[in-house]
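Taking the hints into account, I'd like the entire structure generated from these sequences.
Given next are the chains, with one letter for each unit.
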Amino acid sequence: DAGVIQSPRHEVTEMGQEVTLRCKPISGHDYLFWYRQTMMRGLELLIYFNNNVPIDDSGMPEDRFSAKMPNASFSTLKIQPSEPRDSAVYFCASSLEDSGSGRTGELFFGEGSRLTVL
Amino acid sequence: AQKVTQAQTEISVVEKEDVTLDCVYETRDTTYYLFWYKQPPSGELVFLIRRNSFDEQNEISGRYSWNFQKSTSSFNFTITASQVVDSAVYFCALSRRGSQGNLIFGKGTKLSVKP
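Keeping their order, the protein sequence lines are chains S and L. 1 is the number of the first residue of the first sequence in this note's numbering; add one for each residue after it. 1001 is the number of the first residue of the second sequence in this note's numbering; add one for each residue after it.
Result set (SDA-like, lysine to any residue): computed pairs, CA atoms no more than 20 Å apart in a straight line:
| id | chain 1 | residue 1 | chain 2 | residue 2 |
| --- | --- | --- | --- | --- |
| 1 | L | Lys1110 | S | Glu44 |
| 2 | L | Lys1038 | S | Arg41 |
| 3 | L | Lys1114 | L | Val1084 |
| 4 | L | Lys1114 | L | Gln1083 |
| 5 | L | Lys1107 | S | Arg114 |
| 6 | S | Lys78 | S | Asp56 |
| 7 | L | Lys1110 | S | Arg41 |
| 8 | L | Lys1110 | L | Val1046 |
| 9 | S | Lys24 | L | Gly1043 |
Over the 10 Å line for every Cβ pair with chain L, so calculated as not near, a few chain S residues:
| id | residue |
| --- | --- |
| 10 | Gly16 |
| 11 | Ile26 |
| 12 | Ser27 |
| 13 | Gly28 |
| 14 | Pro70 |
| 15 | Pro81 |
| 16 | Arg85 |
| 17 | Val117 |
It is worth saying that the hints were derived from the structure and are not from the lab. Virtual Cβ for every residue (Gly too), placed ideally from N, Cα, C.
Structure, rendered in structure tokens:
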């Protein structure tokens, strides 16, 4: 089975440019998460969706960041304009809530998109 | 406030040694979940275990075992007879009941297993 697919794997851009990161969750999963990993702050949740609807975007650092999920199989995280402090690995993850077995938190992560803003 | 502390930044062992990764958490919730994830050099995070706050039974899965103690707010992870393939960064995480994937991660412990 295909896992969570992210693209691009690596992105190098210059300050001020727009960056778009893409994610395809596991088919059938109804939750999608965007996490960011940096040396200073570790792993932190940016935003998550349930059935394509944003549920909590309190982790989005500022208005330069936006995320969309137009359908169940695709999500984007956009940074415009990008800044050097946005350099990080951005992870997309998906999960399936099964209230019977209670799989809260069993996230399936993609391999991440490493962003470098010069 | 919720917090997860992994005091060990890096650990280096020789193959076949046992190693314990420490995790201490803080929460005011009475119901919560604790997790361990593994991040191998390839980069993705891999789910290892989930525990809810009402289940303090220790768990063993092959060479892996977990010790959950609410009295000390700890959820430690032990690898028995470590192998080179165990080399990775290991993260402990905490979530609230109902928060679905909103995990508070520790800073991780980098484990290096040398042959």
